[in-house]
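Participant: Chain by chain, the residues:
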Amino acid sequence: MADPIRWARYRWQRLISAGGEGSSNSSNKCYQSPKTIGKHRIVIPCLGHFKEEYEKVSKLYMNNKIRTTKYTLLNFLPRNLFEQFHRVANLYFLFLVILNWVPLVEAFQKEIAMLPLVVVLIIIAVKDGLEDYSKYKMDKQINNLLTKVYSRKEKKYIDECWKNVSVGDFIRLSRNEIIPADMVLLYSSDLDGICYIETASLDGETNLKQRQVVRGYSEQVSEIDPEKFSSRIECESPNNNLSCFRGFVEHSNKERVGLSKENLLLRGCTVRNTEAVVGIVVYAGHETKAMLNNSGPHYKRSKLERRVNTDILWCVLLLILMCLTGAIGHGIWLSRYSEIPFFNILEPDGKSIPPALAGFNMFWTMIILLQVLIPISLYVSIEIVKLGQIYLIQNDIDFYHEKTDSTIQCRALNIAEDLGQIQYIFSDKTGTLTENKMVFRRCSIAGQEYCHEENAKRLESYQEMDLKDEDSADCQDGSSIHMSEWQRHNCRTVNEPLNRKSLNQLSDSYPALGREDGAGDVPHSGHVAFSSPIETDVVPDTELLEKFSQISSHFYQQSEDSSELALETMYITEFFLALSVCNTVVVSGPSQPHQKMRLSSLGGVPIKSLEEIRQMFQRLSIRRLSSSPLPSVKDSSSESPNSFVSKLSVFRSKLVSPALDGAAQRAAEPPNTDSPENSQVPQELDMVNVAAGCEYNTAVSSVEWSQLPKLCYEAESPDEAALVHAAKAYKCILQSRTPDQVTVNFAGLGSLTFQLLHILPFDSVRKRMSVVVRHPVSNKVVVYTKGADSVIMDLLRTASEVATNNSEMEQKKIKERTQKHLDNYARRGLRTLCIAKKVMSDAEYAEWLNNHFLAETSIDHREELLLESAIRLESELTLLGATGIEDRLQEGVPDTIQALRKAGIKIWMLTGDKRETAVNIAYACKLLEPDDRIFTLKSQSRDACALGMRKILESFQKNTSSKKKFSHKRELVSASPSTQAPGFSAGLVIDGRTLEYVLHDSLQNIFLELTEKCRAVVCCRATPLQKSVLVQLVRNKLKAMTLAVGDGANDVSMIQVADAGVGISGQEGMQAVMASDFAISQFRHLRKLLLVHGHWCYTRLTNMVLYFFYKNVAYVNLLFWYQFFCGFSGTSMTDHWILILFNLLFTSVPPIIYGVLDKDVSAEVLMQLPQLYMTGNKSMAYLPSTFWITLLDAFYQSLICFFVPYFTYCGSDIDILSFGNPINTAALFIILFHLLIECKSVTWIHAVVIVGSILFYLLFTLAFGATWKTHNPPSNPYWIMEKHMIDPVFYLVCFLTTCVALLPRYLLRVLQGTLFPSPVLRAKQLDRLTPEEQRIAIKRWKDDCIVNCRVEFQATFGSSSSAVGAVSEEESIASVLPTSKTPFQACSTDGLVEDTVLLPDVQDQSRNTNDLNSEMTICLNPSKETTSDTCGSSNSRAEVSMCASKEDSSAVSLTKKV
Amino acid sequence: MAVNYSAKEEADGHPSGGIGGPGGGAVGGGGGSRGAVKTRKPDNTAFKQQRLPAWQPILPAGTVLPAFFIIGLIFIPIGIGIFVTSNTIRAHAIDYTGTEPSSPCHKCLNVSWDITPPCTCTIDFTLEHSFESNVFMYYGLSNFYQNHRRYVKSRDDSQLNGDNSSLLNPSKECEPYRTNEDKPIAPCGAIANSMFNDTLELYRIDNDTRIPITLIKKGIAWWTDKNVKFRNPTGDGNNLTALFQGTTKPVNWPKPVYMLDSEPDNNGFINEDFIVWMRTAALPTFRKLYRLIERKNNLHPTLQAGKYSLVITYNYPVHSFDGRKRMILSTISWMGGKNPFLGIAYITVGSICFFLGVVLLIIHHKYGNRNTSADIPN
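Heads up: the protein sequence lines correspond to chains A and B, in order. Using numbering that gives the first Met the number 0, you'd call the opening residue of the first sequence number 0 and step up by one each time. Using numbering that gives the first Met the number 0, you'd call the opening residue of the second sequence number 0 and step up by one each time.
Careful: at least some of the hints might be erroneous.
Some chain B residues flagged as far from chain A (calculated, every beta-carbon gap over 10 Å) [what the hints assert, rightly or not]:
(1) Gln49
(2) Val63
(3) Ser261
(4) Gly305
Below, a list of computed lysine to aspartate or glutamate pairs in the EDC-like style, where the Cα atoms sit at most 20 Å apart [to be verified]:
(5) B:Lys47 / A:Asp397
(6) B:Lys40 / A:Asp224
(7) B:Lys47 / A:Asp1286
(8) B:Lys337 / A:Asp1286
(9) A:Lys260 / A:Glu862
(10) A:Lys1268 / B:Asp162
(11) B:Lys287 / A:Asp1286
(12) B:Lys47 / A:Glu862
(13) A:Lys350 / B:Asp162
Note that these hints are calculated values from the structure, not bench results. Glycine included, each C-beta is placed from N, C-alpha and C at the ideal position.
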């Protein structure tokens, strides 16, 4: 019982806190002084002398039991009802029920009137209940997970359920265990006091995050003893900020140690790489950050639903009109009688009501009677239909992606039909259009370009399925070529088979590994991030390799002489060192995916620089070397320690130097801490052997080489990984990384260990990252920087003034040449990065360090100071070179984009990349066609921007008015003849800076006008905020349906803002997926999702909705017509039960089946004829006219259905219910057969349901008529159906009525199908052809459909602005199409899909370059964008953190956008 | 700020519910993954892939042409059949409301329910054709809204079904005809209260002699009504007077319900006139079966052509609401009384369908070919 109370209190607190701090920036909380207690929580262990206080304080906090269910058994009914009555529809129902209780207006029996409401409530309640129950089961499962909690009684850690964990408990976790609650890390078995956690279940990122033991505890020798823990922890109140944690530990001696997020282990994460950790729980259960961040599924309202709502308003109006008619009619009818006729009954008190009042009462009676006109069942039906549609979408096998074992996830259940109406798609580039698999393509070192042709070839011929072998061979080649002479002989022979095999195994076992790893719910099913074979294998450039092979320590040491050759060699060396050092990549072995390669870090201790070793070991020996208690070894084989020891003894015997003894001990440790590594022990020990003994052993070293591919790099961004892998290909192998040192195995120089002095991490303001290391050879402080070229180029050492020095001249030359290369790279769509370095003297460094410390420790303006400090460091750089990384297009992207564009969807590409890259990707993915005219908008001020846009618009107008003259000065018309066509297509490219101006209020309209005329818009350098503002702009101003698709945290805001958000579950974690409505694994799936499922869902739902309106209007009008013959008294000629059940039972299932299963055109045709999508795009299936035609038809049918029986029975002795029975039965037939006419495909399910409905109706009425003899008023249907069943007139009436009522609709459909078939109808006819005929027909279609469509669309959308867009869109298609009609089409086997793909890929490269040259650029006030985007970027950061993303992940995504 | 995560998703074993699906995701995923080679690959079934074999009711003119012709061909004969049948029915109606001053019943126009002595009037009429088969005698009322909502409700079926408790405590629906002077009314309600109470007698005038024609008053109600739905109260003995003890007659009735008829099996609630009246008419102009005239033998028609005289005991006031009263004599066919509508409707619709068929044929020839040639080669 205590739980609900606590829950309520907790909710209350949250409400309060949300209200109080709603507006304040969440980051402010971070900087609140921790001293103000009261708002903070105090965490005390429930031990020893704290016990009393513990009782007082900690008991107030929530325990770790979670309850995500909305209801309990007790409160289910009231709460569910309460929530259901928040819906307007249900309130309407309730209103009717209450109205029916007023005796004056009551139309139905009270219990009957409640029936619809009760049924709806029950259906929804059952649905809610089931949902909640599954949550309950999930909660229970989670709550009953076991973890090790310190028990005071037993003085040891015992197994406890998660739910019993409470604040202040000590918890001990082993590797791969899930963290049960937010806790402060007090002990880690790691020597450095580090614990690695994987946050995949929080944000989907598979890379490891480091967490640090609280300062002061890391030096402890043994595991922390909870009994002796006498400190108290104070920290901020629970909040949902994942990236912020503030607090301090107060020791018994009042000494305080600060806590930060680095000390906090978050619930739900998994401990990796660390044998054991101990922490104290600070937040538990619902107060954990993970739970607080957990907002439930979000609901969007679809466009169709909004449309339906307006039509329901029309229905309300109609209802009121009908009721008014009834009221007035009743009044008039009454007033016709001078005295009260005896069939008009007096009030119980014997008085009569004046006609006016009676009329008023009648109004309400009529509302009850005609209530069905408001299709309440529609809401329930729509919900069910959507569930069905979603179910079918999720089960589409085409969305299944084998490699990631993922299929589509529909996270929003109620906007599936929006997918059929998308007009604008906003797409992210990286990871969405491209694979986000960064592949090292080119580099330029010291002004010399290395093309890596081999590499390019490999990429082109690359096919993931069958190239595993080749890859390994490639790799083998790469490594073996590199091996210096002494290795070569043996390696080749000994190694090759082994290597190949191991590699194969490796790649095969990856997915399996991930899945077997029980607790690790790795979303990418076991792929370690950014390490697919295509990324990891780089074929070195032969020329560079040549030069590289000359590098030896000999040259290196001489490089100080700056001789010509040596200088270049020095550059090359430094370049690759920078590549492998300047990053934050975590190294681990693949068999233990997150195992640090610590052992091997010593494996290749340099042969020469013993001095260095000594230095290092001296430092090491200071450290605590005593062996930590041996943790439970789970999976190491029992014999491995033995074998290890035996080898160790051999190893020891060879030790000479006492200094090396430290190394031995150091080396001896890892097997203890990282014991599972023992599986690889033999080889690795050999490595140690080599290293420590400095023994020259070719056989062994060859084994060592074979080891190398097993290194596994976990990078924050794919670019980093690509660079490290590239360096690895040149045998500059990053071997290990610890917080304070980096070891690189350099082919020519041996293993170098850099002392890591500082890392200035990447941020989007600086657009670069730096690493400060002490160079092991030169022993100098070196800063390696890598970053965006625009930034780095300005930070280079300016050598121009006194260019006397040879090297400085050289530097300048290098800079120029590199810039040229960079431009070239960008043009090829490569992502560019500049690598630079700076050598500092110790004094300089010390000075900077001082300042930096000041900055770090300052409280105010810390961010700014840190930035300044970073800028101080990153100046006067020496350019080493640049890299070009290719991000390959995803499979099928150009196809998809082309299809989507043919479907009339405008696609915008919003990317953070630079313009050239973006434009080239746009060309590659067919977003821009070679024939398109490209307008580039790039301006420095708002006015200039406005001017630019006006110029472009003018040129548009000129273009359309005088088609042949393109005389505008600034225009450069591409020579292609297709631009001469009336509708020429244009693309717009906008720069991030300009975007800022464009989004200003005053320019928005002109901008939109401009974009409406362009068929594609590319926005580069766009920040996440700008992306979302753009989407919002188009959505609000153009009233267009928007879809945003993205994969990273930077797309989250855009995805949330758009009408339909699609997340691509790619490499960048789950952020986008979590925010999205639909999550797909590949961009190309968008094609089927929109063109097929979107179209289907939309047409299905619209047809069902229209059918519902029809059904209700037709049925209710029967009652209405009857009022004219019963003095508007509100009598129904059908029994009330049957009346109510008619909608609830007899005619409810067929429309639902219709809504779920109807298929107007087959998926294949829809995929091949994207034009068909336009029906939804332009809301063709549900125009206002359609609605009114439907209503008109309903009126007609109801008239027929009423008056045919009326004239048949008129003047006879028919009684009320006998009169109603044929009407009702005919109505059932009409309504069901109407559905059959409207149905586009009838399966056995349809047949069963319709026949079932009819049979059910007959059986029900028969049974009803046979049993209910005293069923009270108005009169009962006793034996009526039975009597009718033997009456031929009944059958004749029903038959005639049904035929006459359906005749017009049938005729209309026939004529429509014959005389003016809509594109959809024609496509439907295609389905009946044989595949062969169909293919030819489709081809033929494409030729003449466009003309047809255009005429039709023009006719339908005369003057509306969107129509203009549509027409021009069509025209553009018309202009494009002839170009794709090449010989390919004739011989292609697969119709249009094929030929569109084949063509451009071949000519891509050459054409693109041409186009770039010929493109028109409006560039006003051009200047260098040195500080551009600064503002935008900071905005973006704010935005990203606002979206509750993790800091790390946003950094990831931003890094990627460099 | 709702603290729920999509449990469904987790149950499916999707990548965890992300932020906040902490353990759940992991556990769910773990559980799912242990199922050996279980993938998320959807089943490749016709239903799930939406490839169910379907009949496509596409409606180009060519396909539906036969349908129109067939409908036309079916409808027209049916219509003719109905029409002919309807025309064989003999019917004769006499309005005896007496609104016209010339009418013999004019004097009774302003009668009230319980006038004594009753006003009687006689109307003579001539039948042009003889009625061969059984003749049904109806009374017809016009502008009488027996289908008024509150009128229709004003009855107690339980009472009429012989339920003793309802007999003494009728339903509230009967108000204000539920009790009279603190005694429950049996039968209660407005319908019963306003029961038609004219008496009609038919005489054949054969050479100025009035030969009464036997009017059978049993068998005019539905069998189920008479035997199941309407029941007299049960109790000791068959004395209806005793059974209806404690109740009072409806206000407008001259005598209580147990005195409606002399025969015990046509008295009380199971009086057939009463039952027929209680089956409320659907439309304001209606007729109700009053008596049957059975054909005596095969030699003579039931009602031969000639002069007849209708004697009316005029009790039922309809003048106040401009109602009209009629007496209708009619024979009956398999499709009920005389009504040409259905036959004409069938013929018309059949003709229209036929016509449309022809139109579509033309359309099909003109446009259908063009259409198909655009789609299908050859």
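Participant: When the structure is checked against the list of hints, which entries are broken? Sort them ascending.
Facilitator: Numbers 1, 2, 6, 7, 12 and 13 - these are the hints that the structure violates, sorted from lowest upward.
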